[in-house]
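Peer 1: Which chain is which? The protein sequence lines are H and B, in order.
Here the first sequence is numbered in the numbering used here, starting from 1 and rising by one per residue.
Here the second sequence is numbered in the numbering used here, starting from 122 and rising by one per residue.
Any given hint could turn out to be false.
[Claimed, not checked] Pairs of lysine-lysine, DSS-like flavour, derived with a Cα cap of 27 Å:
#1 K64/H - K227/B
#2 K147/B - K41/H
#3 K64/H - K20/H
[Said to hold, decoys possible] Some chain H residues judged to face chain B by a derived CB distance under 8 Å, without partners named:
#4 Q42
#5 L46
#6 S54
#7 K55
#8 G113
#9 T119
#10 L121
[Claimed, not checked] Computed Cβ-Cβ distance ranges for the label pairs, DEER-style:
#11 N139/B - G53/H: 28 to 38 Å
#12 F28/H - N234/B: 18 to 28 Å
#13 T198/B - P8/H: 18 to 28 Å
#14 N173/B - P8/H: 21 to 31 Å
#15 G137/B - L74/H: 42 to 52 Å
#16 N70/H - G161/B: 18 to 28 Å
#17 E59/H - D128/B: 21 to 31 Å
#18 Q135/B - T17/H: 44 to 54 Å
#19 S189/B - K20/H: 43 to 53 Å
#20 V165/B - E59/H: 18 to 28 Å
None of these hints come from the bench; they were simulated from the model.
We put the beta carbon where it would ideally sit given N, CA and C, even for glycine.
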Amino acid sequence: GAVVSQHPSRVICKSGTSVKIECRSLDFQATTMFWYRQFPKQSLMLMATSNEGSKATYEQGVEKDKFLINHASLTLSTLTVTSAHPEDSSFYICSASPGRPFIIASYNEQFFGPGTRLTVL
Amino acid sequence: SQQGEEDPQALSIQEGENATMNCSYKTSINNLQWYRQNSGRGLVHLILIRSNEREKHSGRLRVTLDTSKKSSSLLITASRAADTASYFCATLTFAQGGSEKLVFGKGTKLTVNP
Numbered sequence: 001g002a003v004v005s006q007h008p009s010r011v012i013c014k015s016g017t018s019v020k021i022e023c024r025s026l027d028f029q030a031t032t033m034f035w036y037r038q039f040p041k042q043s044l045m046l047m048a049t050s051n052e053g054s055k056a057t058y059e060q061g062v063e064k065d066k067f068l069i070n071h072a073s074l075t076l077s078t079l080t081v082t083s084a085h086p087e088d089s090s091f092y093i094c095s096a097s098p099g100r101p102f103i104i105a106s107y108n109e110q111f112f113g114p115g116t117r118l119t120v121l
Numbered sequence: 122s123q124q125g126e127e128d129p130q131a132l133s134i135q136e137g138e139n140a141t142m143n144c145s146y147k148t149s150i151n152n153l154q155w156y157r158q159n160s161g162r163g164l165v166h167l168i169l170i171r172s173n174e175r176e177k178h179s180g181r182l183r184v185t186l187d188t189s190k191k192s193s194s195l196l197i198t199a200s201r202a203a204d205t206a207s208y209f210c211a212t213l214t215f216a217q218g219g220s221e222k223l224v225f226g227k228g229t230k231l232t233v234n235p
C-alpha cells in the first residue's frame, strides 16, 4: 500500500513552453501533497505544500507564478512549470501524506513518488 | 542553511563491511528519518527515530540519535552491492503556514563494491 505515482517520468521541452507534472496517490487519499526539487548530486528542497481544495503554500524563494500547483482532488496534485527555462531543469519529486499535518507531536508519514526528470533545452 | 548535514559525502566500501553515515542538524526536532535514493529515482523511507528515542533497529539498519549533540548515525551492517545508493537524513520541522515539513540533508553516496 501507500503508492505514489508521477507522470511523466521524464520530459524534455523547449525553452518557453509549459510542462505539467502529475502526482497521484494510488491507494490512499492524500489531503496533503508536497513538491520537492532536486538538483544533480544535491538534496531535496521543498518547494511547496498543497492541501486538497486550498491554495498551495510556497517556500521562501519559490515563485508561485512560475510553479503552479493544483490539488483538486484527494488523489491528484499537479505542478505546472510555466515558461520553462534551462535553469528549471531538475528532478521534481512529489510526496503525499494521508492526513493533514498537525502542529503537534504527531506525524503523518510522507510517501514519495518516483520523480520526474525535466530537461529544458 | 540546510538542517541536516550528512558526512561523509561519499563512502566506498567492500561487500560485507559495515557502513556508517552521520547526520547533524541545527534546530529542535520532532523526529529524524533516514531515506534511501537509488540514482535518478524517488525516495524510500528506511527508518524513523523520534526525539525521545536513542536507538532503533530495523533489519541490518541501526540508527542512533543524540539530541544533546543534534546528531544521528545510520549504520548498515554486512553491506551488499544492492545497498549502493544515496542516503539522506531528514528532520521534521515546520513549513510556511505552520504545517510540518521535512528538511533533507545533502546526503551520503554509498558505493558497495562486490
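Peer 1: Now look at each hint and say whether the structure bears it out.
Peer 2: A quick look at each hint next to the structure:
{"no.": "1", "hint": "K64/H - K227/B", "result": "25 Å, holds"}
{"no.": "2", "hint": "K147/B - K41/H", "result": "22 Å, holds"}
{"no.": "3", "hint": "K64/H - K20/H", "result": "14 Å, holds"}
{"no.": "4", "hint": "Q42", "result": "7 Å, holds"}
{"no.": "5", "hint": "L46", "result": "5 Å, holds"}
{"no.": "6", "hint": "S54", "result": "10 Å, violated"}
{"no.": "7", "hint": "K55", "result": "10 Å, violated"}
{"no.": "8", "hint": "G113", "result": "5 Å, holds"}
{"no.": "9", "hint": "T119", "result": "12 Å, violated"}
{"no.": "10", "hint": "L121", "result": "19 Å, violated"}
{"no.": "11", "hint": "N139/B - G53/H: 28 to 38 Å", "result": "48 Å, violated"}
{"no.": "12", "hint": "F28/H - N234/B: 18 to 28 Å", "result": "38 Å, violated"}
{"no.": "13", "hint": "T198/B - P8/H: 18 to 28 Å", "result": "38 Å, violated"}
{"no.": "14", "hint": "N173/B - P8/H: 21 to 31 Å", "result": "42 Å, violated"}
{"no.": "15", "hint": "G137/B - L74/H: 42 to 52 Å", "result": "46 Å, holds"}
{"no.": "16", "hint": "N70/H - G161/B: 18 to 28 Å", "result": "26 Å, holds"}
{"no.": "17", "hint": "E59/H - D128/B: 21 to 31 Å", "result": "25 Å, holds"}
{"no.": "18", "hint": "Q135/B - T17/H: 44 to 54 Å", "result": "47 Å, holds"}
{"no.": "19", "hint": "S189/B - K20/H: 43 to 53 Å", "result": "46 Å, holds"}
{"no.": "20", "hint": "V165/B - E59/H: 18 to 28 Å", "result": "23 Å, holds"}
Of the numbered hints given earlier, the model fails hints 6, 7, 9, 10, 11, 12, 13, 14; all others are met.
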